[in-house]
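A.B. asks: So the sequence lines, in the order shown, correspond to chains G and L.
According to my numbering, the first sequence is numbered sequentially starting from 1.
According to my numbering, the second sequence is numbered sequentially starting from 1.
Each hint should be verified, as a subset may be incorrect.
The list cannot tell twin chains apart, which means a pair is met if one copy fits it or any two copies do.
Simulated crosslink set (DSBU-like; lysine-lysine; CA at most 30 Å straight-line) [as the list claims (entries may be wrong)]:
#, residue 1, residue 2
1, Lys508, Lys138
2, Lys217, Lys157
3, Lys157, Lys260
4, Lys583, Lys157
5, Lys157, Lys263
6, Lys157, Lys138
7, Lys27, Lys84
8, Lys452, Lys286
9, Lys383, Lys366
10, Lys260, Lys330
11, Lys217, Lys138
12, Lys583, Lys361
13, Lys57, Lys31
14, Lys583, Lys508
15, Lys62, Lys383
16, Lys452, Lys62
17, Lys305, Lys75
18, Lys260, Lys366
19, Lys361, Lys305
20, Lys157, Lys75
21, Lys75, Lys452
22, Lys361, Lys383
23, Lys347, Lys75
For the record, the hints were derived by calculation from the structure and aren't laboratory data.
There are 2 protein chains.
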Amino acid sequence: MYRSHSCGELRASHINTEVTLAGWVQKSRDKGFMIWVDLRDRYGITQLIFDEERTPKDIMEKAKELGREFVIQVKGQVIERESKNLNMATGHIEILVSDLTILNEALLPPFTVEDATDGGEDIRMKYRYLDIRRNPVKDSLLFRHRVAMEVRNYLSKEGFIEVETPYLIKSTPEGARDFVVPSRMNEGQFYALPQSPQTFKQLLMVGGMDKYFQIVKCFRDEDLRADRQPEFTQIDCEMAFVEQEDILSVFEGLTRFLLKEIKGVEVDTFPRMTYDEAMCRYGNDKPDIRFGMEFGELNAVAQHKDFNVFNQAELVVGIAVPGGNTFTRKEIDKLIDWVKRPQIGAKGMVYVRCNEDGTYKSSVDKFYGQDDLANWANATAAKAGDLILVLSGSTNETRAQLSALRMELAERLELRDPEVFAPLWVVDFPLLEWDEDTQRYHAMHHPFTSPKPEQLNELESNPGNIKANAYDLVLNGNEIGGGSIRIHDRDVQARMFDLLGFTPEEAKAQFGFLMDAFQYGAPPHGGIAFGFDRLVAILGGQETIRDFIAFPKNNSGRDVMIDAPAPIDEAQLQELNLKLDLKL
Amino acid sequence: MYRSHSCGELRASHINTEVTLAGWVQKSRDKGFMIWVDLRDRYGITQLIFDEERTPKDIMEKAKELGREFVIQVKGQVIERESKNLNMATGHIEILVSDLTILNEALLPPFTVEDATDGGEDIRMKYRYLDIRRNPVKDSLLFRHRVAMEVRNYLSKEGFIEVETPYLIKSTPEGARDFVVPSRMNEGQFYALPQSPQTFKQLLMVGGMDKYFQIVKCFRDEDLRADRQPEFTQIDCEMAFVEQEDILSVFEGLTRFLLKEIKGVEVDTFPRMTYDEAMCRYGNDKPDIRFGMEFGELNAVAQHKDFNVFNQAELVVGIAVPGGNTFTRKEIDKLIDWVKRPQIGAKGMVYVRCNEDGTYKSSVDKFYGQDDLANWANATAAKAGDLILVLSGSTNETRAQLSALRMELAERLELRDPEVFAPLWVVDFPLLEWDEDTQRYHAMHHPFTSPKPEQLNELESNPGNIKANAYDLVLNGNEIGGGSIRIHDRDVQARMFDLLGFTPEEAKAQFGFLMDAFQYGAPPHGGIAFGFDRLVAILGGQETIRDFIAFPKNNSGRDVMIDAPAPIDEAQLQELNLKLDLKL
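Looking at chain G on its own, in the form it has when it is part of the complex:
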């Protein structure tokens, strides 16, 4: 037994107890005649005291050698602390040490192992095992575990069964790029790592499992944007004999439960919005509805004058910045520069000051009178003291630009209250989206998503118009989950593959097993998947997922700690019947 207690559990009631503790030296203060050491483990910090009068001389000497992050074991007596620290759970006591063993020495850590560290991202990742000792990272991992347990217990109580689906599956060119795994036993052939267990969970529904879930790793070999990981974790769910309403209800239940259990936040029924409405009101299919600044479309009230920029635009749209009339001219110019940056790409921006006296002052006063501007204020719900910002251009681009501006302003004006949790269902997504590059339709969700049944007859004649029984769960401007009712009819699935440019042979080669399965009694079914890394980060009140992943990879997909990926032996390649074909 290395210890009788953890470093987080001793209280005043333990005074006079003989204890054995083990842990890391957080810091030590040596006053010569007295040495205090903060001993740390996962559970907390306990103060140790060595003093000339009461501590054996050899132990006192040894204590003087202790450096930061040394691993030690001490025996001693719990005594009352003279100057209590009420901010510490163990702040009423300290340990008068009678014996000290150095279990392992430690080199000076390359960054301070403190809540606020001096280590940059790169060095922290290289020595991630030291980074994990810091409370912010440690607590994030403990938090992740807690959320996972709550999810599992909730779904299990609701009758869901966690089923492990395989990791070595088959590559399909549809969707994102697969990671592949050469097979040694099947020459020239490859497995793929799953981008999601999609087809397997559907087969489990065909197999009668009725309610499935899995917290599962998924893999995508994409060029990594910030805060994307090549391997990520999903809460993957599927139910049979359900309509969209059943799924929304069950997973609204799960999310409400998590918000309550984890955050103590009670949320009533989640609002719903169609995709079209979300795009129209927020220019975004995952709107943050914790604050206003809803879009006001201005075509009707801005395209009747000689301002050609607006007249030629597909969409003229504005938002009212609350209290924005206090912005100086210089500040507004900076905002205009901000939207004109290539990342946003607006050509320019019109603004209207809503004065306290009810008059308006705009950057386009040459073209628009007070009545016009009053109409704009009306459309954007601007009040006296606000600032109206207006963009124009093609619909999709302009919406995206104004949405980015809206989020940026909300951030600056601190309208995104981290204590508020505002979930939202976005429903009725389009089934398909047109891809200019390949000149064909792509599945907006995936090829297994069911068209709205009442639109099935338009599938070939007017595919772009079709809505899907597909839904996203949005929380504070982040998509935390998305799913759909699936196709369960072989013929509809075949028509869908055809629409997506698969020949019947390709469809059969890649998804023949699923289409076969649909012929043997497939029930209506649907599901949802939550991005678990993101969900945990949001519930944990963080913007970035990295601290909620024990060993994340960097933006080149590298694990800098273990230095992977790495070259492999020539013999390994030969066994796999492969040769390198390097371009460099």
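Use these hints to put chain L onto chain G, whose structure you have.
C.D. replies: Just chain L, lined up with the frame of chain G:
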């Protein structure tokens, strides 16, 4: 809402309720004027009744079309069943159907979807989604879920944190063969899929996580023996500041809890046996101790006569088969043939009949008298009526042969009672084993296992003699878990790598991160891993793991349902900087 109730929940108390059910047609009996249909879902079976007098004519017509495994929805009234079926939970009632919707038709299944199916292994795997509808498979998957939940909740309550370790890691030539994953973004480099999260869980201990667990997929690219899978699931655990005794105690607790919760079996303290003792008494490091037939070593009482076979043998060893004296000469000859098969490889076998009158009759009466044979009976604990079977040769081979014979006889004599659960700790494994092929030592457990501290000074001088703080948990003759106290000292780890034939450069290239970590304050730590597939199968009373895995692979590592692995596009290969180098 597709249904108001499941097919498993209606009882007499529901009589007269109007209900909606959905499910699969298990079978239908058409008497012309009356049709009964068994409707099945995950939760059970409910009998539907359609009759000429009370069912609308069109519904009656539709009911006649129903085939096996059709997916249907019915509305109707719960009525009392005339001939009740007390073997069915829903056997008191039936549904008088008023409306019927065919949700999906079904082709005739390629095998019967019944508890006892006519489908062979291959066809069942190809149509696994139909196989999963059968109770034996469905119940196995539900059972697996339940065991996983119990494990997670138990360990979580004990303070263990589930931490997800990465799947894309680095290949190491030590141990079994890795599956590798070419990296597109890091030209010419590869990830490997983990054979276990070993180094990561050790780094979590260095990182202060204190108690870690994970139910996690692991991967080994080995030639598959029966009942081995290229991907398999482990309950992986690690603890800091522990000695062997702490680990045994915690995981004995987990196992005892599972036996109690899942099987209702109470087991007191688990017995322990050293590796040496297990090999000596059972010829096996995972002995089934539910029955006797312990080995009796006979060198002392058999090597003093002129029987050269025994005199030249390193080991002469026997077992007493209880009641085996009833075996006919022909049966004994068959047993001799059995041990001489190449799979076992014995050269021959000597037997001694222990007659009821206290005399002995052996196949070597020419060499041994009654007193000699009485000594053999004494050494093997043979009683009157038993049969002593004796093998001889080199120690390791002879033990393995006799162990195989012991298990075979136990199987035939039904001594392996499936209702009895006999766990056993095997401890003090050797640190190393000598490999004749490579003429060097290999780690018996893995290179991170700690030698017994008191033997550290023999590490270079007498490596073959060193025992490790390594332990296996054995249940009914199966190794269900194994682990060790790890090395946490950089220098000891370096000596260990040296002993295993790593140059310092190789050790640094492959495990430098771990040796670095040991320099920054690594606590003493150790752990264990359970083979989850096997554990679940044993708890479920099955010999084979395949029905406890939703989508298993066959002995060539293929998923015959989705037909993976498969060739990939030339473009995919090019992106990965690879060329096929086929030998065929």
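A.B. asks: Could you run down the list of hints and mark each one as holding or not?
C.D. replies: Tested hints:
no.	hint	result
1	Lys508 <-> Lys138	between (48 Å within a copy, 28 Å between copies)
2	Lys217 <-> Lys157	both (23 Å within a copy, 24 Å between copies)
3	Lys157 <-> Lys260	both (17 Å within a copy, 21 Å between copies)
4	Lys583 <-> Lys157	neither (54 Å within a copy, 53 Å between copies)
5	Lys157 <-> Lys263	both (21 Å within a copy, 21 Å between copies)
6	Lys157 <-> Lys138	both (29 Å within a copy, 18 Å between copies)
7	Lys27 <-> Lys84	within (18 Å within a copy, 75 Å between copies)
8	Lys452 <-> Lys286	within (21 Å within a copy, 58 Å between copies)
9	Lys383 <-> Lys366	within (22 Å within a copy, 116 Å between copies)
10	Lys260 <-> Lys330	neither (44 Å within a copy, 73 Å between copies)
11	Lys217 <-> Lys138	both (21 Å within a copy, 24 Å between copies)
12	Lys583 <-> Lys361	neither (60 Å within a copy, 78 Å between copies)
13	Lys57 <-> Lys31	within (15 Å within a copy, 98 Å between copies)
14	Lys583 <-> Lys508	between (34 Å within a copy, 29 Å between copies)
15	Lys62 <-> Lys383	neither (71 Å within a copy, 64 Å between copies)
16	Lys452 <-> Lys62	between (75 Å within a copy, 26 Å between copies)
17	Lys305 <-> Lys75	neither (86 Å within a copy, 63 Å between copies)
18	Lys260 <-> Lys366	neither (54 Å within a copy, 84 Å between copies)
19	Lys361 <-> Lys305	within (17 Å within a copy, 120 Å between copies)
20	Lys157 <-> Lys75	between (45 Å within a copy, 27 Å between copies)
21	Lys75 <-> Lys452	between (70 Å within a copy, 25 Å between copies)
22	Lys361 <-> Lys383	within (13 Å within a copy, 111 Å between copies)
23	Lys347 <-> Lys75	neither (71 Å within a copy, 61 Å between copies)
Hint compliance for this structure: hints 4, 10, 12, 15, 17, 18 and 23 are broken, all remaining hints hold.
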